[in-house]
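Keeping the supplied structure of chain A fixed, place chain E upon it in accordance with the hints.
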Amino acid sequence: MNWRRSDLPLQADPATRFLPWILGFLVYLSALMIGCGLMIEQMAESWQAGLAGNLTVELPIDPGIDAKTRGDRLNAAIDLVTATAGVTGATVLEQAELERLLRPWLGDNVDQLDVALPTMIAVTTDPKAVIDLADLQQRLAAIVAGSRVDNHGDWVNDALHFLHTLQALAAFLVLLVLAAAAATVIFVTRTGLAVHQPVIEILHLVGAQDRYIARQFQAQSFRVSLIGGIIGTLLALGTLGGLAFTLNRRGIGFGEGAHDLPGTAVQALPTATDRLGSFLVHSLRFGIELTPWHWLAMAALPVMIAVLAMLTARWTVLRSIHRVM
Amino acid sequence: MVLFEDVAVRYGAGRNILENISFSLAPGSFHFLVGASGAGKSSLLKLMYLAMPPAVGLIDMFGRNVATLRRQDLPALRRRIGVVFQDFRLIQHLSALDNVALPLRIAGHRESDIRKHVTELLAWVGLADHLQDLPATLSGGQQQRLAIARAVISRPSLLLADEPTGNVDDGIGLRLMYLFEELNKMGTTVVIATHNDHLVSRFSHRQLRIEQGTVRAFDPGVAPRPSRPQNSPAANDVG
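Those protein sequences? They're chains A and E, same order as listed. Letter by letter, the first sequence follows residues 1 to 325 of this note's numbering. Letter by letter, the second sequence follows residues 1001 to 1239 of this note's numbering.
Isolated chain A, as found in the complex (with noise of 0.2 Å):
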């Protein structure tokens, strides 16, 4: 059979003339859901990598002693960090360094608040280096009382589970919309098959099986579905290029410093909530790249949008047809 030529006028039906645009829509959100989808696991592996090899040394200041001996048991405690096997660097974050990572929370007046900082230390270490921290905690606070180690592992644990949430809803949308496309060719072809009722019966007559009728809806279905699916992937990439530029621009460096460590200056922040969500706001920078098979899956998005139409149009028309003729 030729593909391209039709027994039936369905390219002329207002419902198909529709179909590749409400399959285009269709298909750019299951296209933005799949590539923000992208997106976040990149920005999970991103944060993960990002905060391996580095820790945060807390050192609570305590008035009732001088300075001098404030300096002597931070020596004592840089030494101690230093020395421990797998600890690649250590430095002292200075004041002003903790005001301006402190000003987005406390406002600008953070220099004239009567708060006492905390000292912290930026510590870098080799990632496959397996360091206890309880233990260099309990050494810590055997030269500074109330001093903490944290690898900002529960954060992180809690905004990559808000990450695997994400991508879970987004899979599941993407089903929905699948679903909903699916939909959408059924109440087409049923239409289609009303319409022509008339060709159809004369095509019977003429010794038409049914699967020569389906095959005219499929070859229309797959038509349409592909060109609506072309131009809604285009319009998706489009937007997801303009989102990551967008937020490649606003981004706060990471790893380019201890300095930079949002985590470090979130630490200061009085409750957990605060933490977590300060670090979402003041995410890491978004490098996304979409690898070479990110850009296939995109590519095939089209194509197999125009396989589940065809198939649904054939399977609609085979189960409802014995109704028309």
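Hints were generated in silico from the structure; no laboratory data involved. Check the hints yourself; a few may be wrong.
Stated by the list, open to error - Computed Cβ-Cβ distance ranges for the label pairs, DEER-style:
(1) Ala1128/E / Gly238/A: 30 to 36 Å
(2) Ala1128/E / Gly241/A: 57 to 63 Å
(3) Ala183/A / Tyr1011/E: 34 to 40 Å
(4) His164/A / Asp1073/E: 51 to 57 Å
(5) Asp1073/E / Thr191/A: 25 to 31 Å
(6) Ala1128/E / Ala180/A: 47 to 53 Å
(7) Pro198/A / Ser1201/E: 45 to 51 Å
(8) Phe1203/E / Ala183/A: 31 to 37 Å
(9) Pro1027/E / Phe187/A: 43 to 49 Å
(10) Phe18/A / Thr1119/E: 36 to 42 Å
All C-beta atoms, glycine included, are put in the ideal place defined by N, C-alpha and C.
This is chain E only, laid out in the frame that chain A set:
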């Protein structure tokens, strides 16, 4: 070729419009189906081209009991039957050539063969200059010739025609009858439903006459026989 035994025709839950229909058609035979307007000629033809099942009775087409056929078996039988409908039933958005080519395309013939045969046949019925015209642009007589061409293009085993000369002049009507006779000589069984007595008398073939809700058969030139018990197919053998 075709056997009807005690067949009745009914639409929906109404009364039978035809009943006790029993006759058989031998391969290569030629018949006129005659009767007054509204007698049931078109309904009887519908049974023959498998557009509807009988209310009761046995219909045997080409050695197959129609009642036992599955849906997917019907197209193969229908391809052996050419039908000229009273209302033509041409597909309006297809050209004359594509309308006539339809049975061959459905049967899977090669496109090059299709074009050649269709063009020749359309030329024979006088439509050589209208290959790409749509049916709506043709006259009633031209549409009728187009419908006949579509019915005969695949050299069917059984040709059923419902008033095929109703919309053409006598000259074209005679030409069409000669076409039907040529097909009959080549082995096609022909049944023509008509109320044209002149045609029936000019071409003396066997008649299936619908009277009083049933079918009776007559040989040409023989006076109508008195009615006999209708349960015997032998009473109406026209083979």
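Hints, verified against the model:
{"no.": "1", "hint": "Ala1128/E / Gly238/A: 30 to 36 Å", "in the structure": "violated, 55 Å"}
{"no.": "2", "hint": "Ala1128/E / Gly241/A: 57 to 63 Å", "in the structure": "holds, 59 Å"}
{"no.": "3", "hint": "Ala183/A / Tyr1011/E: 34 to 40 Å", "in the structure": "holds, 36 Å"}
{"no.": "4", "hint": "His164/A / Asp1073/E: 51 to 57 Å", "in the structure": "holds, 55 Å"}
{"no.": "5", "hint": "Asp1073/E / Thr191/A: 25 to 31 Å", "in the structure": "holds, 29 Å"}
{"no.": "6", "hint": "Ala1128/E / Ala180/A: 47 to 53 Å", "in the structure": "holds, 52 Å"}
{"no.": "7", "hint": "Pro198/A / Ser1201/E: 45 to 51 Å", "in the structure": "violated, 36 Å"}
{"no.": "8", "hint": "Phe1203/E / Ala183/A: 31 to 37 Å", "in the structure": "violated, 58 Å"}
{"no.": "9", "hint": "Pro1027/E / Phe187/A: 43 to 49 Å", "in the structure": "holds, 48 Å"}
{"no.": "10", "hint": "Phe18/A / Thr1119/E: 36 to 42 Å", "in the structure": "holds, 39 Å"}
Of the numbered hints given earlier, the model fails hints 1, 7, 8; all others are met.
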